[in-house]
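Spelled out, the chains give:
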Amino acid sequence: MSTQGVKVRRTLAASAERVFAAFSDAALVARWLRPSPDVKLTVLSLDFRVGGAYRFAYDVPTGERMIVGGVYREIRKPARIVFTWLIEPPDVHAGIESEVTVSLSATTGGTEVVIRHDRFGRADANDRHRQGWTGALENLAAHFAARH
Amino acid sequence: MHRESVLDRTFHALSDPTRRAMIHALAGGESRSAGELGQRFDSAQPTISKHLKVLERARLVERTVEGRVHRFRLRQEPLQHAGGWIERHRRFWTGALGELERLLMEDQ
Numbered sequence: 025m026s027t028q029g030v031k032v033r034r035t036l037a038a039s040a041e042r043v044f045a046a047f048s049d050a051a052l053v054a055r056w057l058r059p060s061p062d063v064k065l066t067v068l069s070l071d072f073r074v075g076g077a078y079r080f081a082y083d084v085p086t087g088e089r090m091i092v093g094g095v096y097r098e099i100r101k102p103a104r105i106v107f108t109w110l111i112e113p114p115d116v117h118a119g120i121e122s123e124v125t126v127s128l129s130a131t132t133g134g135t136e137v138v139i140r141h142d143r144f145g146r147a148d149a150n151d152r153h154r155q156g157w158t159g160a161l162e163n164l165a166a167h168f169a170a171r172h
Numbered sequence: 027m028h029r030e031s032v033l034d035r036t037f038h039a040l041s042d043p044t045r046r047a048m049i050h051a052l053a054g055g056e057s058r059s060a061g062e063l064g065q066r067f068d069s070a071q072p073t074i075s076k077h078l079k080v081l082e083r084a085r086l087v088e089r090t091v092e093g094r095v096h097r098f099r100l101r102q103e104p105l106q107h108a109g110g111w112i113e114r115h116r117r118f119w120t121g122a123l124g125e126l127e128r129l130l131m132e133d134q
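Heads up: the protein sequence lines correspond to chains A and B, in order. Per this note's numbering, residue 25 is the first one in the first sequence, and the count goes up by one each step. Per this note's numbering, residue 27 is the first one in the second sequence, and the count goes up by one each step.
One chain only, chain A, in its complex shape (with noise of 0.2 Å):
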């Protein structure tokens, strides 16, 4: 499967250790990692270890809160972490366990950040099962999408 569900890039000119402060650093974290400036973030902890937790809450301004907390699975400073990612009820994607890959690598221009989310199940949390089925879906998503 050459796809392989959310997959963002971007190259921000600043060294791999800055860039991975603002995902270790809770003082950091609080200051950007929202989807946008009008949703506010409180973090309501984080302790980056492994098999430390986080728990982030998200304001938006229609009123609504979203809690996402997680573990963290795997850290190599500067180059890599990654965590469980599973919202809180009564968000309409409670309960749908997922995991982030952030990966950083030396550009020309400072440091290219990798984030990739994937989903996935209790039932099937292997990595044969984890290995681009969401591009699958995403693919079919966007048939049914182009369709109607």
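Keep in mind the hints are simulated off the structure, nothing from the lab. The structure presented is a predicted model; accordingly, all values stated were derived computationally and were not measured. Don't be surprised by glycine CBs; every beta carbon is placed ideally from N, CA and C. Hints are supplied without guarantee of correctness; some may be wrong.
Which residues of chain A face chain B? A few of them, derived with a C-beta cut under 7 Å, are [what the hints assert, rightly or not]: (1) Val30; (2) Val32; (3) Arg34; (4) Thr35; (5) Leu36; (6) Ala38; (7) Leu57; (8) Arg58; (9) Ser60.
Here chain B is said to cover these stretches of chain A; the calculated rule only asks that three of the stretch's residues, wherever they fall, bring their Cβ under 8 Å from a Cβ of chain B [claimed, not checked]: (10) 93-105; (11) 111-125; (12) 132-141.
Let chain A serve as the given structure and place chain B on it in line with the hints.
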């Protein structure tokens, strides 16, 4: 909680390549019989039936029985709901990288 389990079933159903191929085969919108689907996949009929049951439980396909022929048609709602999860997270991370860029510039 209801929606959570529905979405979990959707994702589970889609975790298998044969079932994904079956969904593609049904994507045109027309219904197909279990036999027609079986021919396409070169699998034993009990295997095809099993896959169709998983798809049916996830409400990805709808079964109609005409005499002895079971016909299956694709249902789009679960796919759209699952697609919503993906779209939401794509927007989240795309926006977040923009915010990260802003932070790094501010702190320079």
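Quick rundown of the hints versus the structure:
1. Val30: Constraint on Val30 of chain A satisfied, holds at 5 Å.
2. Val32: For Val32 of chain A, the interface hint holds, since the closest Cβ of chain B sits about 5 Å away, which is under 7 Å.
3. Arg34: 4 Å, holds
4. Thr35: Constraint on Thr35 of chain A not satisfied, violated at 9 Å.
5. Leu36: 6 Å, holds
6. Ala38: 4 Å, holds
7. Leu57: Where the cut-off is 7 Å and the nearest Cβ of chain B is about 6 Å from Leu57 of chain A, the hint holds.
8. Arg58: 6 Å, holds
9. Ser60: OK, holds: Ser60 of chain A within 7 Å of chain B, min 5 Å.
10. 93-105: violated (count 0)
11. 111-125: holds (count 7)
12. 132-141: Holds: 3 residues of the stretch 132-141 of chain A have a Cβ under 8 Å from chain B.
In terms of the numbered hints stated before, the structure departs from hints 4 and 10, listed from lowest to highest.
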